[in-house]
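Based on the provided sequences and hints, a complete structural model is requested.
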Amino acid sequence: MADEAAQGGGISIHPMDQFKVEPLFGGDHVGMLTPTNVTLWMALAVLAVTLLLVVGTRGRAIIPSRAQSVAELAYGFVYKMVEDVAGKDAIRFFPYIMTLFMFIVTANFLGLLPMSFATTSHIAVTAVLAMAVFLTVTILGFVLNGTKFLGLFWVSSAPLALRPILAVIELISYFVRPVSHSIRLAGNIMAGHAVIKVFAGFAAIATIAPVSILAITAVYGLEVLVAFIQAYVFTILTCVYLKDALHPSH
Amino acid sequence: MAGDSHATTEGAMGALHDAAHGGTDAAHAASEAGMPQLDFSTFPNQIFWLIVTILAIYYILSKIALPRIASVLAERNGTITNDIAAAEELKLKAVEAEKAYEKALAEARFEAQKIATETRAVIKEELDVATAKADAEIAAKAAESSARIAEIRDSAMASVEAVAKDTATEIVGALGRPADAGAVAEAVDTHLKGDA
Numbered sequence: 001m002a003d004e005a006a007q008g009g010g011i012s013i014h015p016m017d018q019f020k021v022e023p024l025f026g027g028d029h030v031g032m033l034t035p036t037n038v039t040l041w042m043a044l045a046v047l048a049v050t051l052l053l054v055v056g057t058r059g060r061a062i063i064p065s066r067a068q069s070v071a072e073l074a075y076g077f078v079y080k081m082v083e084d085v086a087g088k089d090a091i092r093f094f095p096y097i098m099t100l101f102m103f104i105v106t107a108n109f110l111g112l113l114p115m116s117f118a119t120t121s122h123i124a125v126t127a128v129l130a131m132a133v134f135l136t137v138t139i140l141g142f143v144l145n146g147t148k149f150l151g152l153f154w155v156s157s158a159p160l161a162l163r164p165i166l167a168v169i170e171l172i173s174y175f176v177r178p179v180s181h182s183i184r185l186a187g188n189i190m191a192g193h194a195v196i197k198v199f200a201g202f203a204a205i206a207t208i209a210p211v212s213i214l215a216i217t218a219v220y221g222l223e224v225l226v227a228f229i230q231a232y233v234f235t236i237l238t239c240v241y242l243k244d245a246l247h248p249s250h
Numbered sequence: 001m002a003g004d005s006h007a008t009t010e011g012a013m014g015a016l017h018d019a020a021h022g023g024t025d026a027a028h029a030a031s032e033a034g035m036p037q038l039d040f041s042t043f044p045n046q047i048f049w050l051i052v053t054i055l056a057i058y059y060i061l062s063k064i065a066l067p068r069i070a071s072v073l074a075e076r077n078g079t080i081t082n083d084i085a086a087a088e089e090l091k092l093k094a095v096e097a098e099k100a101y102e103k104a105l106a107e108a109r110f111e112a113q114k115i116a117t118e119t120r121a122v123i124k125e126e127l128d129v130a131t132a133k134a135d136a137e138i139a140a141k142a143a144e145s146s147a148r149i150a151e152i153r154d155s156a157m158a159s160v161e162a163v164a165k166d167t168a169t170e171i172v173g174a175l176g177r178p179a180d181a182g183a184v185a186e187a188v189d190t191h192l193k194g195d196a
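Here the protein sequences come in this chain order: A and B. All residue numbers for the first sequence refer to the UniProt record's numbering, where the first residue is 1 and numbers rise by one. All residue numbers for the second sequence refer to the UniProt record's numbering, where the first residue is 1 and numbers rise by one.
In case anyone wonders, no lab produced these hints; they're calculated from the structure. Where a beta carbon is used, it is the ideal one built from N, C-alpha and C, also for glycine. Careful, some of the hints might be misleading.
[Claimed, not checked] Pair by pair, the computed Cβ-Cβ distance ranges are:
| hint | chain 1 | residue 1 | chain 2 | residue 2 | range |
| --- | --- | --- | --- | --- | --- |
| 1 | A | Ser65 | B | Glu98 | 39 to 45 angstroms |
| 2 | A | Ser65 | B | Lys63 | 56 to 62 angstroms |
| 3 | A | Leu135 | B | Ala85 | 44 to 50 angstroms |
| 4 | B | Pro44 | A | Ala218 | 53 to 59 angstroms |
| 5 | A | Val176 | B | Thr79 | 21 to 27 angstroms |
| 6 | A | Thr147 | B | Leu38 | 34 to 40 angstroms |
| 7 | A | Ile183 | B | Lys63 | 30 to 36 angstroms |
| 8 | B | Lys63 | A | Leu150 | 35 to 41 angstroms |
This is the structure in structure tokens:
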């Protein structure tokens with residue numbers, strides 16, 4: 001297919017080029033403080049969150065405007081999630097979890113704009129988010145429960161002979177958590193964007209363009225769902241891990 | 001299907017790219033052929049800006065947005081509770097007002113009945129007094145009339161007696177005998193009594 005495309009119109013498909021981190025103001029070197037497209041799209045995410053949650057609620061109306069309704073909906077959605085999944089005493093972590101959710105959901109949706117840069121498609125970004133959750137939860141677990149937190153790995157309801165084996169499995173699964181937590185988000189976003197790009201490349205060939213455009217539409221629709229669902233999954237897993245730290249008993 | 005086309009596309013792309021650039025910047029080409037996600041040289045940059053972003057959002061949310069939304073939600077709940085309480089109160093008031101109205105209506109009806117009864121009693125009393133007065137007057141008049149009739153009859157009887165005596169005396173005198181006034185009078189009296 002690709003050969004045929006290359007012969008047909010000399011088209012080139014670069015599905016991964018959209019993920020390149022590039023300096024905003026020219027040059028090749030990407031230092032730690034260099035303003036890059038990452039900076040730009042993260043700043044836009046901050047702007048979008050501010051517009052929705054601060055500017056949208058500036059009326060403080062009893063009967064909310066449309067923007068205020070959405071802001072209240074987001075607030076209620078995450079608040080209820082924290083309360084239901086992690087328990088009432090996890091409410092003090094609500095601002096942090098709300099921050100995670102709002103950042104991921106806005107970054108995902110901003111990434112869906114044509115020509116944009118999806119910051120959450122980068123493993124570096126999601127790994128930092130996941131590690132922050134992992135470290136917070138682990139440290140919190142030991143601070144709140146002391147050595148009792150290790151009871152998370154010692155399944156007291158299982159037969160004694162099985163417990164060491166289960167402990168090993170539990171331990172491995174505990175340390176795999178940040179890996180799956182981060183790769184799930186980055187992988188989903190990256191794969192969807194790459195697939196759209198591939199179909200877009202084929203749209204240059206007249207004979208398969210209609211199919212290609214239809215496919216882009218379909219995948220885009222799917223990606224809109226994925227953008228929200230992955231933010232939701234990341235947040236709810238954070239709540240689940242937080243619950244383990246607050247109440248380590250099985 | 002998507003994965004297949006993906007793999008072949010990347011191969012073709014690599015070839016095209018090499019042809020185009022002729023491998024001028026080998027390092028660049030290498031990073032382009034792979035995933036930009038695994039280009040570790042950009043990690044410090046991404047991580048730095050991510051931390052800045054997260055701190056910024058956290059600051060904005062915890063200082064401004066979340067307290068504001070929480071207060072709006074609390075205020076709305078309060079308003080709704082208050083409004084429901086006020087509605088309940090108004091409903092009670094309406095029921096009370098209806099009761100008062102019913103009571104006033106019943107009182108008015110009772111009052112009207114009382115006034116009607118009283119009026120009827122007063123009228124009846126007045127009527128009785130007037131009737132009694134009229135009866136008394138009628139009785140007085142009747143008594144007076146019968147007294148006068150009796151008087152007239154008495155006087156008429158007296159006249160008849162006198163006339164009878166005179167006449168009898170005259171008749172006796174005319175028969176040629178000096179009449180004994182006393183005997184005549186006695187005889188007349190006896191006759192009159194016998195008549196009576």
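Please test the hint of 39 to 45 angstroms on the beta carbon pair from serine 65 of chain A and glutamate 98 of chain B.
-> holds (41 angstroms)
Is the hinted range of 30 to 36 angstroms satisfied by the C-beta distance from isoleucine 183 of chain A to lysine 63 of chain B?
-> holds (33 angstroms)
Return holds or violated for the Cβ distance of proline 44 of chain B and alanine 218 of chain A against the range 53 to 59 angstroms.
-> violated (38 angstroms)
Starting from the range 34 to 40 angstroms, see whether the pair threonine 147 of chain A and leucine 38 of chain B falls in it by beta-carbon distance.
-> Given range 34 to 40 angstroms: holds, Cβ gap about 39 angstroms.
So the hint says 56 to 62 angstroms: do the beta-carbon atoms of serine 65 of chain A and lysine 63 of chain B match that?
-> Given a distance of about 22 angstroms, which is not inside 56 to 62 angstroms, the answer is violated.
In this structure, is the beta-carbon distance linking leucine 135 of chain A and alanine 85 of chain B contained in 44 to 50 angstroms?
-> holds (48 angstroms)
Check the following: the C-beta atoms of valine 176 of chain A and threonine 79 of chain B are separated by a distance inside 21 to 27 angstroms.
-> Violated, since valine 176 of chain A and threonine 79 of chain B (Cβ atoms, about 49 angstroms apart) do not stay within the stated range.
State, for the Cβ atoms of lysine 63 of chain B and leucine 150 of chain A, whether the hinted interval 35 to 41 angstroms holds or is violated.
-> holds (37 angstroms)
In terms of the numbered hints stated before, the structure departs from hints 2, 4 and 5, listed from lowest to highest.
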